[in-house]
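Peer 1: So you can see what is in the structure, the chains are spelled out below.
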Amino acid sequence: MKRDAREGLLISPIRNGTVIDHITGGEALNVLKIIGITGATTESISVATNVKSGKMAKKDIVKIENRELMKEEVNRIALIAPNASINIIRNYEVFVKKGVEIPHILVGVVQCPNPGCISNTNEPIDSKFEVLPKGLHCLYCDWMITRDITSHLI
Amino acid sequence: MNHIISIRDLSRNEIDQLIDEASRIQSSRFNDQLLKGKILALLFFEPSTRTRMSFEAAMARLGGTAIGLDSVEASSMAKGETLADTIRVVSGYADTIVLRHPKEGAARLASEFASVPVINAGDGAGQHPSQTLLDLYTIRQSMAIEGVSVGLLGDLRYGRTAHSLAYALSLYGATLHTISPKGLELPSSIADELREAGTEIVEHRDVSEIIGSLDVLYVTRIQRERFPDSASYFKVASSYRVTPELLTDVRDHLIVLHPLPRLDEIDPKVDQLPYARYFEQSRNGIPVRMAMLQKVM
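Heads up: the protein sequence lines correspond to chains V and S, in order. Position 29 (the first sequence) corresponds to 29 in this note's numbering; numbering is contiguous. Position 221 (the second sequence) corresponds to 221 in this note's numbering; numbering is contiguous.
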């Protein structure tokens, strides 16, 4: 808890919720976007960006009060912050600490950049991408996203 | 469910089985009542002559019945119905759906909502597996596909038939020679993937450089709408035209294929030469589509 208290200089510890640590520097806002947190959501959120880190040159930290992230939400984060660690906090204590895993299939996370793709129409489907070593492969139109994945986040 | 959406979903063994079956069918070894009492729904949301008619003919030759839309304007799609709903409804009317749609991935979506098999008859710039199967079938009528040397000529950027054929030929260890105007080259994503799979791809600007060492010349249409004006189109199109003069010093067994319709890419005088196989290729659509219907129904 000492470590948390030190970080508290930047952002306060939380009683219950989720702390996402070791996010790639500068990606905190994208992490919030990827887990669906916008200005319209009700959670209390603390964000620290470009914090000095021993492991990484700079890291971001996100704290979300009163919300424990689901496994699927956690794994989406791996797309842009593969070194992130997730701490589920209960009564100021770390209840569970885990890393992130890149999922095999991403459903409704990124938008296909191909304007001719059926997933960009009014059909009742979510976008669906297969995660491959060289990028994301649209399972509808076979388009590949090989760079700048964050700009395609839904 | 036994859908046929993309040539990439089929293994070499499955492709060989379909081609073998098409070959048996063409030798009149098939049951002409096999699909008696079965109904095929043809949902064509884009114009088509060959594909639509050959699926209808294939179904009729197997004893079945085909039903379909006459136009999108006459369908509920014009009222704003989603493709997903159309597919769910038509699944209740027919035993198999053949779909052509302007959006890429439409057939994949259809397969998710259909309760009967779906065959992709072309989805935008995407896949058109029955065309690829009949291309392969036509090659195999003349020679073994294994290790064949194929020239892909024309618009290789937007031409879906060339993309699908390139993927399929890579399963057979073919060497691909690409000949396309600047800006219409085979997309690097496809070329890289094929090279990673071990396929040799050699790029050329001029077909005369390579014509003498080809077994197959696969010609695709250069679409006028890809060019800013008619003058620039004609300049490019004329330099990619197949003429009798081009074919004076070629291998005896060379075959020239084209998915049709052709415009200016092949001089009509080539039709009389023994190399011209594009009309035969088009006719092969019947046995190949019969084999596909037998497989899924």
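One or more of the hints may lead you astray.
[What the hints assert, rightly or not] Restraint-style ranges between C-beta atoms, simulated for each label pair:
| hint | chain 1 | residue 1 | chain 2 | residue 2 | range |
| --- | --- | --- | --- | --- | --- |
| 1 | V | 154 | S | 209 | 22 to 28 Å |
| 2 | V | 154 | S | 196 | 26 to 32 Å |
| 3 | S | 196 | V | 98 | 45 to 51 Å |
| 4 | S | 93 | V | 154 | 42 to 48 Å |
| 5 | V | 72 | S | 200 | 39 to 45 Å |
| 6 | S | 68 | V | 56 | 41 to 47 Å |
| 7 | V | 68 | S | 173 | 39 to 45 Å |
Honestly, the hints are just simulated from the structure, not real lab data. We treat Cβ as the ideally placed atom computed from N, Cα and C, and that holds for glycine.
Peer 1: So, for every hint listed, does it hold in this structure?
Peer 2: Each hint, compared with the structure:
1. V:154 - S:209: 22 to 28 Å: Cβ of residue 154 of chain V to Cβ of residue 209 of chain S: about 47 Å, so the range 22 to 28 Å is violated.
2. V:154 - S:196: 26 to 32 Å: For residue 196 of chain S against residue 154 of chain V, whose Cβ atoms are near 30 Å apart, the range 26 to 32 Å holds.
3. S:196 - V:98: 45 to 51 Å: Since residue 196 of chain S and residue 98 of chain V have Cβ atoms about 34 Å apart, the given range 45 to 51 Å is violated.
4. S:93 - V:154: 42 to 48 Å: Violated: the Cβ-Cβ distance is about 35 Å, outside 42 to 48 Å.
5. V:72 - S:200: 39 to 45 Å: holds, 42 Å
6. S:68 - V:56: 41 to 47 Å: violated, 59 Å
7. V:68 - S:173: 39 to 45 Å: 53 Å Cβ-Cβ, so the 39 to 45 Å window is violated.
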